[in-house]
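Novice: Sequence:
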Amino acid sequence: MYDFREQDLELLHKFQTRTVFTITTDKNLHVYQKETFKLAYSVRNISRHLWRVLLTLTDQQPFLMHSILSLTLMHDRYLSGTQNTKLSTTEAFHWYQGTALFNSKLSNPFPAAERDAVFATAVCLGVIAFFYLDAKTPEEAWPLKSPSSLDLNWLSLSEGKKLLKRYVQPASEPSLFQTLMPWVNTKPRSTSSTVPGLEAFPAAFIRLCSLDATSTPDNNAYYAVADGLAKSLRSDCKLTTILGFLCFISFLPPGFSQLLRRKDPGALLLLAYWYAKMCQYQHWWIAGRAALEGQSICMYLQRYHGHDADIQELLQFPKMMCVHVAR
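Just so we're aligned, residue 1 is where the sequence shown starts under UniProt numbering, counting upward by one.
In short, the hints are calculated from the structure, not lab data.
Worth double-checking, as some hints may not be accurate.
[Claimed, not checked] Within a straight-line C-alpha distance of at most 30 Å, the following computed DSBU-like cross-link-like pairs (lysine-lysine) qualify:
1) K105 x K136
2) K86 x K105
3) K263 x K136
4) K319 x K136
5) K231 x K319
6) K86 x K145
7) K319 x K86
8) K105 x K238
9) K263 x K319
10) K14 x K105
11) K14 x K86
12) K145 x K263
13) K238 x K86
14) K238 x K319
15) K86 x K231
16) K14 x K145
17) K105 x K231
18) K14 x K238
19) K263 x K238
20) K136 x K86
Start from the sequences, fold in the hints, and give me the full structure.
Specialist: Here's what the structure looks like:
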């Protein structure tokens, strides 16, 4: 069992009063502030029996505790102006513990009462994995860099989508985090003369991804990602866009994840457009990777797909946005 310290309580307070605002919207803020902490620590009720409560709840859901502590420490480092320094020993410890315990939790069936703690942990670990980036230049970033087992490590969080299908169903006991996953019960729209939901998408994208009026998440690996991106491209709300991006990176369809790992140009462009959109908002856990990997994707597609007119046309937006932010 982890030996909880007073410094950790201070970090929990920072998460509740500061960091949590950076990973959700006003609409869902109460879910994280109230319910996540009820799951992890019952912070509002620990003054009388502080250590007894902490020890009990740390033992019950340590995967969530370690994930929250690591995430908050990283946010501290960013705010201190030293975000480019290496991961601290304490950050690494809590990240490792949270990930190991989370994987252990997912390896066996768990009670419905723990679903929300599992979803909260998936979100925190997704943010952590996305924030941590070892590269300093586009050439050192994926997909240009030399292949490594750590490439696209944040993709592993897409396994959370399997949990959604298994545990978050309309007929089952409701989960607090259903409100954070708006696409769970979404059905494909009726077919029409245009690609459903993608009417404003560039025609070159439609051609490249073989999207048409019959496309659905089941028959086209690009469709769900393109549909979510189209909604975000039409939105000017910063927090709504950030939440949409968090959902995107945490619960990628398996077929799309495979395309990314193969460096499929259509998948790379969809990711580059997400990065370009996020470069509009200098958000602490997104901006660094979005700018560097966005530039790296553009350079990769120019280098290896320079003959494709559609790809080169589509590159203009991410090239402009990602390079501008990097400066």
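Novice: All the hints need checking, so say for each whether the structure fits it.
Specialist: Against the structure, the hints come out as follows:
1. K105 x K136: violated, 34 Å
2. K86 x K105: holds, 29 Å
3. K263 x K136: holds, 21 Å
4. K319 x K136: It holds: about 18 Å lies between the C-alpha atoms, which stays within 30 Å.
5. K231 x K319: Answer holds: K231 to K319 is near 21 Å, not above 30 Å.
6. K86 x K145: holds, 19 Å
7. K319 x K86: Judged against 30 Å, a Cα distance of about 28 Å means the pair holds.
8. K105 x K238: violated, 33 Å
9. K263 x K319: With a Cα-Cα distance of about 18 Å, the restraint between K263 and K319 holds, given a limit of 30 Å.
10. K14 x K105: The given pair, whose Cα atoms are some 26 Å apart, holds under the 30 Å limit.
11. K14 x K86: Holds - the C-alpha atoms of K86 and K14 are around 22 Å apart, at most 30 Å.
12. K145 x K263: holds, 12 Å
13. K238 x K86: OK: K238 and K86 at ~29 Å, within 30 Å.
14. K238 x K319: holds, 21 Å
15. K86 x K231: Violated. K86 to K231 sits at ~36 Å, over the 30 Å cutoff.
16. K14 x K145: Measuring from Cα to Cα gives roughly 36 Å; hence the hint is violated.
17. K105 x K231: Between K105 and K231 the Cα gap is close to 33 Å, so the pair fails against 30 Å, i.e. violated.
18. K14 x K238: holds, 22 Å
19. K263 x K238: Distance ~29 Å between K263 and K238 Cα, so the pair holds.
20. K136 x K86: holds, 12 Å
Going through the hint list in order, the structure does not satisfy hints 1, 8, 15, 16, 17.
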